[in-house]
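Please build the complete structure, drawing on both the sequences and the hints.
Per the working numbering, the sequence shown starts with residue 553, numbered consecutively.
Any given hint could turn out to be false.
[Unchecked claim] Pair by pair, the computed Cβ-Cβ distance ranges are: (1) 592 with 561: 25 to 31 Å; (2) 558 with 596: 15 to 21 Å; (3) 573 with 601: 17 to 23 Å; (4) 593 with 563: 25 to 31 Å; (5) 557 with 593: 15 to 21 Å; (6) 592 with 563: 27 to 33 Å; (7) 589 with 559: 26 to 32 Å; (8) 557 with 590: 19 to 25 Å; (9) 559 with 591: 17 to 23 Å; (10) 592 with 562: 30 to 36 Å; (11) 600 with 570: 23 to 29 Å; (12) 594 with 562: 26 to 32 Å; (13) 597 with 562: 28 to 34 Å.
It should be emphasised that the hints constitute simulated quantities derived from the structure, not laboratory data. Glycine included, C-beta positions come from ideal geometry on N, C-alpha and C.
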Amino acid sequence: NNIGVIGGNGCTICSGSFDDTIRIWDIETTKQLILFKGHADYVISVKYGSNEL
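See the structure below:
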């Protein structure tokens, strides 16, 4: 199972997965932009937004 959320800029999506990774994807090209590895367990939730507070 995978989970995902569209970023605050509307151009990217963030996904988390049972393979212990988080990935950032380009919505238009469907290409992976960033891969975050190193989680100790499944990624069951993500929160993704702009860098602004």
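For each hint, the structure was consulted:
Distance hint check: the CB atoms of residue 592 and residue 561 are about 29 Å apart, consistent with the given range 25 to 31 Å. Here the CB-CB span from residue 558 to residue 596 is close to 18 Å, well matched to the stated 15 to 21 Å. The supplied range of 17 to 23 Å is met by residue 573 and residue 601, whose beta-carbon atoms lie about 19 Å from each other. Between residue 593 and residue 563 the beta carbon distance is about 29 Å. The supplied range of 25 to 31 Å therefore holds.
Remark: the range hint 15 to 21 Å for residue 557 to residue 593 is upheld by a beta-carbon distance near 19 Å. Checking the proposed 27 to 33 Å range against residue 592 and residue 563 shows it holds: the Cβ atoms sit about 30 Å from each other. Taking 26 to 32 Å as the suggested C-beta distance range, the pair residue 589 and residue 559 does not conform, at roughly 20 Å. As the Cβ distance of residue 557 to residue 590 is approximately 20 Å, the hint placing it in 19 to 25 Å holds.
For the pair residue 559 and residue 591, the beta carbons lie near 19 Å from each other, so the given range of 17 to 23 Å is met. Range check, residue 592 to residue 562: Cβ separation about 31 Å, and the 30 to 36 Å hint holds. For the pair residue 600 and residue 570, the supplied restraint of 23 to 29 Å is violated, since their beta-carbon distance comes to about 18 Å. Checked against the given bound of 26 to 32 Å, the beta carbons of residue 594 and residue 562, roughly 27 Å apart, stay inside it.
Judged by the Cβ atoms, the range 28 to 34 Å given for residue 597 and residue 562 is violated: they are separated by roughly 21 Å.
Going through the hint list in order, the structure does not satisfy hints 7, 11, 13.
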